[in-house]
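So the protein lines, in turn, are chains A and B.
Anchor point for the first sequence: position 353 equals 353 in the working numbering, and the numbering is continuous, going up by one each time.
If you count the second sequence from 1, you need to add 1000 to reach the working numbering.
Don't read these hints as lab results, they were simulated from the structure.
Heads up, the beta-carbon is just placed ideally off N, CA and C, and yes, glycines get one too.
A couple of the hints might just be wrong.
One side of the interface only, derived from the structure: several residues of chain B facing chain A at Cβ under 10 Å [what the hints assert, rightly or not]:
#1 K1040
#2 Y1126
#3 N1127
#4 I1437
Over 10 Å on every C-beta distance to chain B, these chain A residues come out as not near it, computed from the model [to be verified]:
#5 S27
#6 R50
#7 E73
#8 G266
#9 F268
Here are the computed lysine to any residue pairs in the SDA-like style, where the Cα-Cα straight-line distance is at most 25 Å [stated by the list, open to error]:
#10 A:K314 x A:Q283
#11 B:K1429 x A:N59
#12 A:K18 x B:S1438
#13 A:K60 x B:E1441
#14 B:K1450 x A:E108
#15 A:K68 x A:K190
#16 B:K1429 x A:K20
#17 A:K135 x B:G1431
#18 A:K270 x A:T251
#19 A:K57 x B:S1438
#20 B:K1434 x A:S134
#21 A:K101 x B:F1461
#22 B:K1429 x A:N91
#23 B:K1429 x A:K68
#24 B:K1434 x A:N91
#25 B:K1357 x B:T1023
#26 B:K1450 x A:E73
#27 A:K135 x B:I1459
#28 A:K64 x B:S1438
#29 A:K135 x B:I1437
#30 B:K1434 x A:K64
#31 A:K101 x B:I1459
#32 A:K135 x B:S1438
#33 B:K1357 x A:N59
#34 A:K101 x B:I1116
#35 A:K20 x B:N1436
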Amino acid sequence: MSKNFFEIKDVDFNVSGKTKVKDVSFSIENEGDVICLLGPSGIGKTTILRTIAGLEKINKGSIKLNGKLISSEKINIEPENRNVSLAFQDNSLFPHYTVEKNILLGAERNKEKNGKKITLKEIVDLLDIFHILSKYPHEISAGEAQRASLARSLITQPDLLLLDEPLSNVDQSFKEEIQVRLKKILNQLKITTIIVTHDSYEAFYLGNKCGIILNQQLKQFDDPYKVYHFPNSIEVVNFLNRGILIPAKVTGKNTLENWDLGTIEGNFIKEYPKGANVQLLLQPEDLEHDDKSNLKLEVVDRKFRGTNFIYTLKTPSNTKIPVFVHSHHIHQHEVDEKFGIKRPIHIDHIVCF
Amino acid sequence: MRINFWYISSILISFFVIIPILTVFSSFFENTSNYYQVLKDTFLLEYILNSLILLLSVLILTFLIGTGSAYLVSFFEFPFSNFFKWALILSFAVPPYIYAYSLTAFFENYGTAYTILKNLFGEADYNQNIPKFDGLFGVILSISFSLYAYVYILARASFLYQPQNLIDLGKNLGFSKFKTLYSIVLPAARPAIVAGLSLVAMETLAEFGAVDFFSINTLTTGIYNSWIAFDDLAFANQLSFYLLLFIFALFILENLSRKRAKYHMNSRGGFKQKQKIKLSGRKSLMAFTFCFLVFFLSFLFPLSQMMYWTIKFPENLFDLQIINLLINTLYLVVLSSLVLIIFALISNYGNRVNKDKTLNVLSTLSISGYAIPGVILAVAFITFIAWIDESVIKTFGFLSIKKVFIGSIFGLVIVYFIRFYSLAFNGIKSGYEKINISVDESSYLLGYSKRKTFMNIHIPFLRNSLLFVFILISLEIIRELPITLILRPFNFETFATTAYISASEDLLEAAAVPSLFLILIATSFIIVTSKYILRDQNE
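The shape of chain A in the complex, shown without the other chains (with noise of 0.2 Å):
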């Protein structure tokens, strides 16, 4: 028997009669962990929720929880006896019922979980919904809908809790507070969970394991560091959209050839022989600042970010590159202005494709 508390194994995932995501293999090792599912808008990330859930079918492969298989091509536990909860992106709370009842309907399944049960003054308190209990939910703004249907769903305590884009309602101030909050209670209750969302920092901040899902398949599935760092295929890269790829020679064990940035060291994720012609990540944190640098490239764009600024420089070869630098800088550079980069470049791991 397998050791995973929720496995997943070769599973298409279909909705109505069409294929949304094909093969997908994930699993989670151990109760409490949780895990992110990004993806942009359509991919079929909320079929696979659905489908968790019990709500769709499978007709390949199989999915078990806690060492129960819960769907296959043969067997399709209904929803209500999965013990697995789903909180909707839309607003999917009982409108004739308060956000209170919304809220105790959700109670009645609480079962103690890890020698804990969660109690709705715990759950208002976590979601700050105190003020909305009474209300109905057509009187309630969307993101605090959003609150409500997640508190619902947190109090039943489930075996598997299914987040679909759980805070895309509520607003950015808010936001990462209640990301602080949601990752302390999941993490003291042992609530396994899985999110989806498009956020990758949301993502990267709640989940132990991250999937990217483009094109129909679950690309890669790995720690957000490494997801972020090591994306395994160019399409992460594109998706990520946090760096460029640009043409590279390997000319030593850790070392690299660019025709505009000149000689780039540092370790190389995978082997390549030398000589090769590589396509380089080069990500806005890979190259530093330099004033007094001799390498020296034309700004075409400057973004403001708050704690950074992040410039885009033209290359000789009219390649555009990102690069970051921290708002506090001594000068600012304006467009068309030239601006230097610290030689010798350095890259702590070189991701080539």
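Fit chain B to the given chain A structure using the hints.
Just chain B, lined up with the frame of chain A:
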């Protein structure tokens, strides 16, 4: 496809409703008697022409009255506009045949109009100066003033939900009020108005009481005569088939004319309470006069005529067994409504949880009963039972089942069920449409079974819709005439049948008392549910 209780029940319910409807259509292919030839040589053209004139006139009149009054109360503020908002639906309480009795009673020689003139100006020969609203014109007025409320309710609801932005856009483009009305407001409300008009069309073509009272030969009369006088059900069905084809042709024409235009606005955050324009002076008086005239003519006039006669001939009040009639009417109403609501609920839920094409087709077919005139349904039902009795029951040597179904409350409820199933099904369906499917899914995920979801989540949510459907069906049954006339048990009368029988015996004064009670009961039902019928923004 998983076969479950809900699936089987929904299939059975739909199938049950479809059988008599299919009987009507299957008769279309049977041989007819020589009545067809007789009719073709004599009155067929007149029947068709009369039906066409009746239909088109009623459609034009109900459009003008219904849309006009809905426009005024939705967009403008004038004296009593809030009162008219709900008062204008009271015409539902007056069936066309009672309106016809009132018209005759008021304008006939030495009728109420004569009495009023005599009391005001003394004895004279007023009869020749009093217009006579009988014949085809009388039928048109009776049906229009009774049925315009369909158009009024749907048009008003549509006006109410038109976003303020749309109106503001008209102003921004420099449109006059009239141009805003015909180029923005009316086109946007077109589907609702057409839906109202199609209900009017079906009711008009199925109308029996008023047409019969004024002795106008229409296709409906032809259908009735071919069955009563010539016992030719197949030809009756053929006539009704033509009638239905005519209705479908109208729908298709309307649909084609829309082309690809869309009428739905994204309602998300788009609803904003419209600012009503306050009218003053001449415009205010004109708006008030229009609404008052509609209210007076459609409701106060028939009501006061019936009251006048009831008071003038009080002996009729004591002749009738009012309590008996009341019990009979309410008994039919409650029994039929409950049966309809329970089965329509089950069928709706079955359709919701089993997304199955066969079930979907059966459900769509099952709601077509409303388009078939009551006379036809009643006759088709008798034919079907007689056929079963002859070919199945008696063959196996069982006792005849005719008595169980024909001339019994049971049979009556079954045919009401078939006729009004679409009202119940669609009424509940529109309630269900407001429940997002994710609500069901959330319920399952909270551990609720399908039955528990139905009982604990859906029924409490649908409470208002169910009450509305109950009243809607009740109103129909209180007013219903041909089915009750044909299938009621011996000596079992309702207010509608008593009024009809008295009127057909030329005892209009006697028809006044049951008519008055019918109007009063229907009015009280309407008042109770007016807030659901008028659905304001809080719905």
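Checked hints:
| no. | hint | verdict |
| --- | --- | --- |
| 1 | K1040 | 52 Å, violated |
| 2 | Y1126 | 60 Å, violated |
| 3 | N1127 | 61 Å, violated |
| 4 | I1437 | 9 Å, holds |
| 5 | S27 | 22 Å, holds |
| 6 | R50 | 8 Å, violated |
| 7 | E73 | 15 Å, holds |
| 8 | G266 | 48 Å, holds |
| 9 | F268 | 47 Å, holds |
| 10 | A:K314 x A:Q283 | 15 Å, holds |
| 11 | B:K1429 x A:N59 | 32 Å, violated |
| 12 | A:K18 x B:S1438 | 20 Å, holds |
| 13 | A:K60 x B:E1441 | 23 Å, holds |
| 14 | B:K1450 x A:E108 | 17 Å, holds |
| 15 | A:K68 x A:K190 | 19 Å, holds |
| 16 | B:K1429 x A:K20 | 31 Å, violated |
| 17 | A:K135 x B:G1431 | 22 Å, holds |
| 18 | A:K270 x A:T251 | 14 Å, holds |
| 19 | A:K57 x B:S1438 | 16 Å, holds |
| 20 | B:K1434 x A:S134 | 22 Å, holds |
| 21 | A:K101 x B:F1461 | 14 Å, holds |
| 22 | B:K1429 x A:N91 | 21 Å, holds |
| 23 | B:K1429 x A:K68 | 38 Å, violated |
| 24 | B:K1434 x A:N91 | 13 Å, holds |
| 25 | B:K1357 x B:T1023 | 23 Å, holds |
| 26 | B:K1450 x A:E73 | 22 Å, holds |
| 27 | A:K135 x B:I1459 | 21 Å, holds |
| 28 | A:K64 x B:S1438 | 24 Å, holds |
| 29 | A:K135 x B:I1437 | 22 Å, holds |
| 30 | B:K1434 x A:K64 | 35 Å, violated |
| 31 | A:K101 x B:I1459 | 16 Å, holds |
| 32 | A:K135 x B:S1438 | 20 Å, holds |
| 33 | B:K1357 x A:N59 | 21 Å, holds |
| 34 | A:K101 x B:I1116 | 63 Å, violated |
| 35 | A:K20 x B:N1436 | 23 Å, holds |
Checked against the numbered hints given earlier, the structure breaks hints 1, 2, 3, 6, 11, 16, 23, 30 and 34 and satisfies all the rest.
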